[in-house]
Amino acid sequence: MSLVRLLPLVFWGSVALGAQVPRELSLGRSDSASKLLGGVCFTTDTGRQALPCNPAFISRETGSDFRVQFFAGNNISYLRDVSELLSGEGDEATVERLFSQTRPSEMEANVEGAYRQPLFGIAFAPYRIIYFSAIRNRALPVITLLAAREQSLRFQLGSYLGEDWSWGLQVRGVRREFIARTFTIADAVVEGSDSLFAAQTQNAFYLEPGLLKEWTDSAWKPQFTLAVTDLGYVDRKDEAFPASPALNVGGAVHVPVGLGIWELGLNAHLHSDSGAWSEPLRLGTSYELGVTRFSGSLGASDHALGFQMNYKDFFGGLSYSSRWIENWVGANEWVRTVFFEFGFDL
Amino acid sequence: MKIIKIFSVLGMAVLLAACQPREQDLTGGDPLEKAYQKIDRGQYDQAISDLEALYLKTPKNEIREALASAYAARAGIFVERYWGAVVGFGAPPGKVRPSKMSEATLQMFRQLEQRPELKGRKELRQLAEVLSSFSVWMDRLELLPTTDSAGQEDLREALFLLQEHDGRGGRLYRAILGLVLLKSQIVDGYEGWEKIEERLLAVFSGNLPGNTKQDVLCVVDFAAFADWSLDVVVRLREAVQDYGAAFPSKKKSLVTAVEQSNQIAAEFHRVGGQACR
Numbered sequence: 556m557s558l559v560r561l562l563p564l565v566f567w568g569s570v571a572l573g574a575q576v577p578r579e580l581s582l583g584r585s586d587s588a589s590k591l592l593g594g595v596c597f598t599t600d601t602g603r604q605a606l607p608c609n610p611a612f613i614s615r616e617t618g619s620d621f622r623v624q625f626f627a628g629n630n631i632s633y634l635r636d637v638s639e640l641l642s643g644e645g646d647e648a649t650v651e652r653l654f655s656q657t658r659p660s661e662m663e664a665n666v667e668g669a670y671r672q673p674l675f676g677i678a679f680a681p682y683r684i685i686y687f688s689a690i691r692n693r694a695l696p697v698i699t700l701l702a703a704r705e706q707s708l709r710f711q712l713g714s715y716l717g718e719d720w721s722w723g724l725q726v727r728g729v730r731r732e733f734i735a736r737t738f739t740i741a742d743a744v745v746e747g748s749d750s751l752f753a754a755q756t757q758n759a760f761y762l763e764p765g766l767l768k769e770w771t772d773s774a775w776k777p778q779f780t781l782a783v784t785d786l787g788y789v790d791r792k793d794e795a796f797p798a799s800p801a802l803n804v805g806g807a808v809h810v811p812v813g814l815g816i817w818e819l820g821l822n823a824h825l826h827s828d829s830g831a832w833s834e835p836l837r838l839g840t841s842y843e844l845g846v847t848r849f850s851g852s853l854g855a856s857d858h859a860l861g862f863q864m865n866y867k868d869f870f871g872g873l874s875y876s877s878r879w880i881e882n883w884v885g886a887n888e889w890v891r892t893v894f895f896e897f898g899f900d901l
Numbered sequence: 004m005k006i007i008k009i010f011s012v013l014g015m016a017v018l019l020a021a022c023q024p025r026e027q028d029l030t031g032g033d034p035l036e037k038a039y040q041k042i043d044r045g046q047y048d049q050a051i052s053d054l055e056a057l058y059l060k061t062p063k064n065e066i067r068e069a070l071a072s073a074y075a076a077r078a079g080i081f082v083e084r085y086w087g088a089v090v091g092f093g094a095p096p097g098k099v100r101p102s103k104m105s106e107a108t109l110q111m112f113r114q115l116e117q118r119p120e121l122k123g124r125k126e127l128r129q130l131a132e133v134l135s136s137f138s139v140w141m142d143r144l145e146l147l148p149t150t151d152s153a154g155q156e157d158l159r160e161a162l163f164l165l166q167e168h169d170g171r172g173g174r175l176y177r178a179i180l181g182l183v184l185l186k187s188q189i190v191d192g193y194e195g196w197e198k199i200e201e202r203l204l205a206v207f208s209g210n211l212p213g214n215t216k217q218d219v220l221c222v223v224d225f226a227a228f229a230d231w232s233l234d235v236v237v238r239l240r241e242a243v244q245d246y247g248a249a250f251p252s253k254k255k256s257l258v259t260a261v262e263q264s265n266q267i268a269a270e271f272h273r274v275g276g277q278a279c280r
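Those protein sequence lines, which keep their order, are chains A and B. Residue numbers for the first sequence follow this note's numbering, so the first one is 556 and each next one is one higher. Residue numbers for the second sequence follow this note's numbering, so the first one is 4 and each next one is one higher.
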């Protein structure tokens with residue numbers, strides 16, 4: 556069997572939990588660079604990430620630093636409403652608010668500390684929480700709930716392969732405690748419904764290689780990247796967190812400008828849920844001028860914009876993302892989310 | 004450079020795609036999710052047809068529930084509107100309670116007691132008391148809606164489907180739909196009783212000639228009413244059983260009520276089967 560035929564089989568899988576939990580929520584990362592650039596963060600090393608998305612970039616690290624960052628998104632009030640409903644404390648207003656939703660809701664937050672130096676980096680995230688809920692079917696509301704708390708430890712190491720090539724490998728261990736269920740509202744109130752909310756655990760171990768080719772002699776300094784993510788082993792299979800690898804193929808150029816640094820990247824994020832031809836593709840850019848970096852990206856059905864600012868050893872930023880969906884009552888609407896991030900270097 | 008040209012072409016393709024954004028499909032192609040979407044859009048006939056086909060292929064509990072909910076939606080029954088009734092259930096009344104009859108009705112029964120030659124006096128009084136006791140249920144079911152005869156047919160379909168459901172949530176849903184049907188039937192019966200009461204009062208006040216010399220039950224269509232009461236009690240019994248399946252610790256306390264209802268219904272049916280046929 557040819558490699559071309561084999562690839563779709565290797566990368567085929569499904570993140571199905573009744574309602575579609577976005578892959579970038581369950582298996583993705585919670586930081587500004589990932590939200591602003593999506594898959595394009597594998598083609599560039601922009602933004603103040605704990606560690607680069609693509610481990611091949613660790614070989615280009617020139618200095619060393621220790622960094623702590625905090626990241627969170629909106630939708631906290633929705634989280635409270637769902638908790639009240641499921642604990643039986645909700646009133647009619649809570650029910651009205653929840654059942655009038657026409658689309659799923661998401662929330663995520665992350666705390667991470669990292670140390671990076673040339674050719675090596677380590678990051679520990681003691682607390683990443685993700686939350687997804689979808690309530691549909693007004694006749695008998697069906698609820699899909701994914702609530703997870705993760706701890707992860709990442710090591711990155713990399714080196715050069717000749718003058719223009721770099722490689723990197725990320726070794727990542729993740730421990731997840733989660734509730735991932737789809738149930739009806741009647742299931743949630745009968746005797747013995749507590750078992751619906753029993754937390755499960757999953758330990759995962761991933762080996763995620765990356766490759767970088769640079770053409771440094773050219774004025775635009777083009778570069779080509781390849782990275783595989785989520786390639787590994789889980790001790791307990793669960794459709795909410797499948798062992799479903801993804802392949803990132805992309806490139807970037809540094810557009811020559813008189814003032815500042817402008818980077819433009821394109822990435823294809825191929826995985827089991829990839830749909831139409833345009834769905835895996837993403838175009839992203841970032842422009843850095845002084846202490847401020849503006850970034851943004853475009854995908855087939857979403858876009859994101861944001862900025863990050865530095866002040867001495869502190870940094871912070873806001874990201875705004877919009878996703879175009881067809882909701883449950885058949886109307887098209889933009890789902891808008893705001894994320895903020897702040898941190899400091901030691 | 005070649006790589007920059009390739010990059011530019013691909014970049015333009017993404018830009019073009021982004022200029023005409025493709026809305027994200029929340030169902031992910033899952034036929035069950037698509038059926039939920041149809042229910043939420045009010046396309047009940049289509050949802051029922053799709054779910055019936057899906058159920059034939061995969062008779063799973065979740066599809067059974069979805070199909071039952073599509074029937075319920077077509078009958079106008081949306082559980083989200085009756086959340087209080089779902090979470091606010093106490094145990095159903097365990098005993099038929101003394102009625103709160105009108106003074107005129109009580110007067111009529113006093114007259115009946117003075118007429119020992121009339122057959123069926125006891126049964127008629129018992130029927131009136133049972134009907135009045137349903138007012139206790141009416142209070143309980145106040146939050147639930149009623150539905151017309153077409154809706155009642157859809158609810159019967161839903162109840163039939165959920166009969167095989169072995170999950171507690173599915174049984175609770177069946178209990179709720181059963182109670183909606185029960186309430187609809189009780190409301191129908193109340194209207195019937197008002198007509199009976201009107202006719203009886205007219206007969207006993209001498210305004211209408213009646214066949215009271217032989218059998219008081221002939222004044223009214225007692226047999227039809229007895230059939231109706233049996234159906235109502237069967238519905239009540241099923242709802243109680245479903246409720247007991249959803250809350251097993253309350254099951255024991257419900258058994259007495261079910262047995263008593265059964266005895267009364269059987270008695271009605273026995274008497275009704277002989278009265279004025």
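Treat the hints as calculated values from the structure; they're not laboratory data. Note that the Cβ used here is the ideal one computed from N, Cα and C, for glycine as well. One thing to keep in mind: the hints can contain errors.
[Said to hold, decoys possible] The calculated label-pair distances, taken between Cβ atoms and stated as ranges, are:
1. LYS60/B with SER750/A: 24 to 30 angstroms
2. GLU156/B with ALA753/A: 35 to 41 angstroms
3. PRO62/B with VAL884/A: 44 to 50 angstroms
4. LEU59/B with ARG652/A: 35 to 41 angstroms
5. GLU201/B with GLU746/A: 43 to 49 angstroms
6. VAL237/B with GLU794/A: 22 to 28 angstroms
7. LEU109/B with VAL884/A: 39 to 45 angstroms
8. ALA56/B with TYR670/A: 24 to 30 angstroms
9. LEU59/B with TRP889/A: 46 to 52 angstroms
10. LEU901/A with LYS60/B: 27 to 33 angstroms
11. ARG159/B with ARG704/A: 41 to 47 angstroms
12. ALA754/A with GLU167/B: 44 to 50 angstroms
13. LYS60/B with ALA753/A: 27 to 33 angstroms
14. GLN755/A with VAL237/B: 39 to 45 angstroms
[To be verified] Using 20 angstroms as the maximum straight-line C-alpha spacing, the simulated EDC-like pairs for lysine to aspartate or glutamate come out as follows:
15. LYS63/B with GLU794/A
16. LYS37/B with GLU746/A
17. LYS254/B with ASP169/B
18. LYS254/B with GLU746/A
19. LYS253/B with GLU746/A
20. LYS253/B with ASP234/B
21. LYS60/B with ASP43/B
22. LYS125/B with ASP169/B
23. LYS37/B with ASP793/A
24. LYS776/A with GLU705/A
25. LYS60/B with GLU83/B
26. LYS37/B with ASP48/B
27. LYS867/A with GLU705/A
28. LYS253/B with ASP828/A
29. LYS792/A with GLU881/A
30. LYS37/B with GLU888/A
(request) Quickly compare the C-alpha distance for LYS867/A and GLU705/A to 20 angstroms and report which way the hint goes. (result) Cα-Cα ~31 angstroms, so violated.
(message) Just to be sure I understand the hint, the distance between the Cβ atoms of LEU901/A and LYS60/B should be within 27 to 33 angstroms; is that true here?
(response) violated, 60 angstroms
(request) Determine whether the Cβ-Cβ distance between GLU156/B and ALA753/A falls within the hinted range of 35 to 41 angstroms. (result) Once the Cβ atoms are compared, 40 angstroms apart, the range 35 to 41 angstroms for ALA753/A and GLU156/B holds.
(message) For the hint 35 to 41 angstroms, verify it against the beta carbon of LEU59/B and that of ARG652/A.
(response) holds, 38 angstroms
(request) For ALA56/B and TYR670/A, compare the CB-CB distance with the range 24 to 30 angstroms and indicate the outcome. (result) Since the Cβ atoms of ALA56/B and TYR670/A sit about 58 angstroms apart, the hinted range of 24 to 30 angstroms is violated.
(request) Quickly compare the C-alpha distance for LYS63/B and GLU794/A to 20 angstroms and report which way the hint goes. (result) Given that 20 angstroms is the threshold and the Cα spacing comes to 19 angstroms, the pair holds.
(request) Take the C-alpha atoms of LYS253/B and ASP828/A, compute the straight-line distance between them, and say whether it is at most 20 angstroms. (result) Violated - the C-alpha atoms of ASP828/A and LYS253/B are around 46 angstroms apart, more than 20 angstroms.
(message) Hint check: LYS792/A vs GLU881/A, CA-CA at most 20 angstroms. Holds or violated?
(response) With Cα atoms ~31 angstroms apart, LYS792/A and GLU881/A exceed 20 angstroms; violated.
(message) Need the status of pair LYS254/B, ASP169/B: alpha-carbon distance at most 20 angstroms?
(response) Holds. LYS254/B to ASP169/B sits at ~16 angstroms (cutoff 20 angstroms).
(request) Sort out whether ASP234/B lies within 20 angstroms of LYS253/B, counting only the CA atoms. (result) violated, 24 angstroms
(message) Run the distance test for LYS776/A versus GLU705/A: straight-line Cα separation, threshold 20 angstroms.
(response) With Cα atoms ~38 angstroms apart, LYS776/A and GLU705/A exceed 20 angstroms; violated.
(request) Take the C-alpha atoms of LYS60/B and GLU83/B, compute the straight-line distance between them, and say whether it is at most 20 angstroms. (result) violated, 29 angstroms
Checked against the numbered hints above, the structure breaks hints 3, 6, 7, 8, 9, 10, 12, 16, 20, 21, 22, 23, 24, 25, 27, 28 and 29 and satisfies the rest.
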